[in-house]
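Peer 1: Fit chain A to the supplied structure of chain H, relying on the hints for placement.
Here's the letter readout for the chains.
2 protein chains.
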Amino acid sequence: MSQATAKVNREVQAFLQDLKGKTIDHVFFVACGGSSAIMYPSKYVFDRESKSINSDLYSANEFIQRNPVQLGEKSLVILCSHSGNTPETVKAAAFARGKGALTIAMTFKPESPLAQEAQYVAQYDWGDEALAINTNYGVLYQIVFGTLQVLENNTKFEQAIEGLDQLQAVYEKALKQEADNAKQFAKAHEKESIIYTMASGANYGVAYSYSICILMEMQWIHSHAIHAGEYFHGPFEIIDESVPFIILLGLDETRPLEERALTFSKKYGKKLTVLDAASYDFTAIDDSVKGYLAPLVLNRVLRSYADELAEARNHPLSHRRYMWKVEY
Amino acid sequence: MSQATAKVNREVQAFLQDLKGKTIDHVFFVACGGSSAIMYPSKYVFDRESKSINSDLYSANEFIQRNPVQLGEKSLVILCSHSGNTPETVKAAAFARGKGALTIAMTFKPESPLAQEAQYVAQYDWGDEALAINTNYGVLYQIVFGTLQVLENNTKFEQAIEGLDQLQAVYEKALKQEADNAKQFAKAHEKESIIYTMASGANYGVAYSYSICILMEMQWIHSHAIHAGEYFHGPFEIIDESVPFIILLGLDETRPLEERALTFSKKYGKKLTVLDAASYDFTAIDDSVKGYLAPLVLNRVLRSYADELAEARNHPLSHRRYMWKVEY
Numbered sequence: 001m002s003q004a005t006a007k008v009n010r011e012v013q014a015f016l017q018d019l020k021g022k023t024i025d026h027v028f029f030v031a032c033g034g035s036s037a038i039m040y041p042s043k044y045v046f047d048r049e050s051k052s053i054n055s056d057l058y059s060a061n062e063f064i065q066r067n068p069v070q071l072g073e074k075s076l077v078i079l080c081s082h083s084g085n086t087p088e089t090v091k092a093a094a095f096a097r098g099k100g101a102l103t104i105a106m107t108f109k110p111e112s113p114l115a116q117e118a119q120y121v122a123q124y125d126w127g128d129e130a131l132a133i134n135t136n137y138g139v140l141y142q143i144v145f146g147t148l149q150v151l152e153n154n155t156k157f158e159q160a161i162e163g164l165d166q167l168q169a170v171y172e173k174a175l176k177q178e179a180d181n182a183k184q185f186a187k188a189h190e191k192e193s194i195i196y197t198m199a200s201g202a203n204y205g206v207a208y209s210y211s212i213c214i215l216m217e218m219q220w221i222h223s224h225a226i227h228a229g230e231y232f233h234g235p236f237e238i239i240d241e242s243v244p245f246i247i248l249l250g251l252d253e254t255r256p257l258e259e260r261a262l263t264f265s266k267k268y269g270k271k272l273t274v275l276d277a278a279s280y281d282f283t284a285i286d287d288s289v290k291g292y293l294a295p296l297v298l299n300r301v302l303r304s305y306a307d308e309l310a311e312a313r314n315h316p317l318s319h320r321r322y323m324w325k326v327e328y
Numbered sequence: 001m002s003q004a005t006a007k008v009n010r011e012v013q014a015f016l017q018d019l020k021g022k023t024i025d026h027v028f029f030v031a032c033g034g035s036s037a038i039m040y041p042s043k044y045v046f047d048r049e050s051k052s053i054n055s056d057l058y059s060a061n062e063f064i065q066r067n068p069v070q071l072g073e074k075s076l077v078i079l080c081s082h083s084g085n086t087p088e089t090v091k092a093a094a095f096a097r098g099k100g101a102l103t104i105a106m107t108f109k110p111e112s113p114l115a116q117e118a119q120y121v122a123q124y125d126w127g128d129e130a131l132a133i134n135t136n137y138g139v140l141y142q143i144v145f146g147t148l149q150v151l152e153n154n155t156k157f158e159q160a161i162e163g164l165d166q167l168q169a170v171y172e173k174a175l176k177q178e179a180d181n182a183k184q185f186a187k188a189h190e191k192e193s194i195i196y197t198m199a200s201g202a203n204y205g206v207a208y209s210y211s212i213c214i215l216m217e218m219q220w221i222h223s224h225a226i227h228a229g230e231y232f233h234g235p236f237e238i239i240d241e242s243v244p245f246i247i248l249l250g251l252d253e254t255r256p257l258e259e260r261a262l263t264f265s266k267k268y269g270k271k272l273t274v275l276d277a278a279s280y281d282f283t284a285i286d287d288s289v290k291g292y293l294a295p296l297v298l299n300r301v302l303r304s305y306a307d308e309l310a311e312a313r314n315h316p317l318s319h320r321r322y323m324w325k326v327e328y
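From first to last, the protein sequence lines are chains H and A.
Just so you know, we're using the UniProt record's numbering here: the first sequence kicks off at 1 and counts up by one.
Just so you know, we're using the UniProt record's numbering here: the second sequence kicks off at 1 and counts up by one.
This is chain H alone, in the form it adopts within the complex:
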């Protein structure tokens, strides 16, 4: 067992062991909301790395109803639900199994219905004590880079796992560096009724998650995650000095799109919050995977921005009016 492999989640190790010799030509990333958003960077990885495996990402009910013809015995379906209770995702696991697909579920609750429905289950850690490599993002990348190594001899597995292993230190340094900025952001935005987010490439899912889960769901602030490349083909007409934007700059190949969007926004907007992964200390991470790991750091830093915003607005992140409270 390589040093990197030894750092991989035991359940993921067992899955990867069984994957050897199997034929997989399509990976489907299937989840809802925040659990779906963590999968966007993995689709980016597959697009850039996989010579023969196609990949698609769908919200769980869309996946079931869309019913892709190519879903079948050569498919791997990667699912995620924090509680393991999300009805759409549980149903999607059963649906995929019914089509003969190989299924692996990620969840915080290994005894949950989702864990029962999928053939493989990988539990992840959660909360302030969890190490980066063991969180949902970390475990998903273990599955993704492990799958690419097993099925295609992709060579970035070691760098990715070692990078994940170093990531907690990157988080901690970045959080310290951004602590004052997070407070300033919160103070500056406590009265705002709309905040846009923007990113591209590997980072778009982080913007999406912040928009729909943090701002809309947990703060009841209007939002929309704009794709930095699409910005100039419609959305940019909305910006002026009164409209707040959070702009993410990652380290992947689409960074020029994010930079262009920032340059324009600086000219015509005023309420800009910029998180730039290039300002964080990635020296311990191999160059070949920096772009893939940047969204995880941006996401972690943005979480501290959410904590501060919730406090400044006196609106706890756990507060809901409909979710888990009414029928839907």
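Hints are not guaranteed to be accurate.
Which copy? The list can't say, so a pair holds if one copy fits it or any two copies do.
BS3-like, lysine-lysine: derived pairs with alpha carbons at most 27 Å apart [unchecked claim]:
1) Lys74 / Lys156
2) Lys183 / Lys173
3) Lys99 / Lys290
4) Lys156 / Lys7
5) Lys43 / Lys156
6) Lys267 / Lys109
7) Lys191 / Lys271
8) Lys43 / Lys20
9) Lys22 / Lys74
10) Lys51 / Lys74
11) Lys91 / Lys267
12) Lys74 / Lys325
13) Lys266 / Lys325
14) Lys74 / Lys43
15) Lys99 / Lys43
What the hints contain is simulated information worked out from the structure, not anything from laboratory work.
Peer 2: Coordinates of chain A only, in the frame set by chain H:
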């Protein structure tokens, strides 16, 4: 030549003729903004119909920078730009050709740079005089269903082309039916600063287009196209009696997602505008393609809602502050 084939755009016919015998395993839909949005239903068609061809849809610059490994000699890249001048899309055509891919460009301007860069060009019609089958949506479906027929003997080509041929009549009846509703929508929303749109499946791109092109770009109204399945995993916390939503109901397999989103929204929201394709007269369209054609009708009807909104707000749809006016 079949009756259906005779109705196909001459340039598309020539492309389909040349496509015979070629090996294509991946289709990339590449454009920006509104021209990208028209491609979302085509990705839905490929997912549901294609046994062996994978498909992806990217904003043009994202496509170039993401640089998918699988882009190559067995790829078909379908591009679109109304002016044929969109720099990102022109560059994407050159990029794809450089990878050995087969390229076909759709444009209103057949002498444009995009038309020069792509191997095949299909001109579409535009404006109030254009027949549905000859518009951007119509020509794209000719390419899509033609490609599926040529490469995979898919049997829905005749129904799709005949359906497109009947679509103008569906548009006209639906527009009459909705004329008063469009005026009421405009009056009710003339002072709104944010309007959400929502849909799923084949219709999501229509919601996206309305959000980024009509509301944000042409009316400077805040917006976000919410996926009806994702709604319950974050975004629905934003709705209350003060927040306007446009909810689309299509005829494709994901309709239950849209219906569920509507049911919830009716309970907690008040400013709802519902466009239901089931209320339009689709009797002339074959059942097998109704779901695929519904977004085209919804899009056409929504355009009349945009015209009325622009008039009520005294903000012409052609009015811009940045696009084509400043450097970006």
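Peer 1: Now tell me if each hint is right for this structure.
Peer 2: Status of each hint after checking the structure:
1. For the homomeric pair Lys74 and Lys156, the shortest alpha-carbon distances inside one copy (23 Å) and between copies (26 Å) are both at most 27 Å.
2. Proximity of Lys183 and Lys173 under a CA criterion of 27 Å is satisfied intra-copy only: 16 Å inside one chain copy versus 56 Å between copies.
3. Only between protomers do Lys99 and Lys290 lie at most 27 Å apart by alpha-carbon distance; the minimum there is 26 Å, versus 36 Å within a single protomer.
4. Taking the closest pair of Cα atoms, Lys156 and Lys7 come within 27 Å of each other only inside a single copy of the chain (15 Å); across copies the shortest separation is 51 Å, beyond that limit.
5. Proximity of Lys43 and Lys156 under a CA criterion of 27 Å is satisfied intra-copy only: 16 Å inside one chain copy versus 30 Å between copies.
6. Proximity of Lys267 to Lys109 under the C-alpha cut-off of 27 Å is found in neither arrangement, the shortest distances being 47 Å within a copy and 32 Å between copies.
7. When the C-alpha separation of Lys191 and Lys271 is checked against a cutoff of 27 Å, the pair qualifies both within a copy, at 13 Å, and between copies, at 24 Å.
8. For the homomeric pair Lys43 and Lys20, the shortest alpha-carbon distance inside one copy (21 Å) is at most 27 Å, but the shortest distance between copies (31 Å) is not.
9. When the C-alpha separation of Lys22 and Lys74 is checked against a cutoff of 27 Å, the pair qualifies both within a copy, at 8 Å, and between copies, at 24 Å.
10. Within a single copy, Lys51 and Lys74 get their C-alpha atoms as close as 15 Å, and across copies as close as 12 Å, so both meet the 27 Å cut-off.
11. For a Cα distance limit of 27 Å, the shortest separation of Lys91 from Lys267 across copies, 25 Å, qualifies, whereas the shortest one inside one copy, 48 Å, does not.
12. Taking CA atoms no more than 27 Å apart as the test, Lys74 paired with Lys325 passes in neither setting, with 40 Å inside one copy and 51 Å between copies.
13. In this homomeric assembly, Lys266 and Lys325 come within 27 Å of each other (Cα to Cα) only across copies, at 17 Å, whereas the closest approach inside a single copy is 41 Å.
14. Taking identical chains as interchangeable, the C-alpha atoms of Lys74 and Lys43 lie at most 27 Å apart whether they share a chain (18 Å) or sit on different chains (21 Å).
15. Both within a single protomer and between protomers do Lys99 and Lys43 lie at most 27 Å apart by alpha-carbon distance, with minima of 22 Å and 21 Å respectively.
Hints 6, 12 from the list above are not met by this structure, while the remaining hints are.
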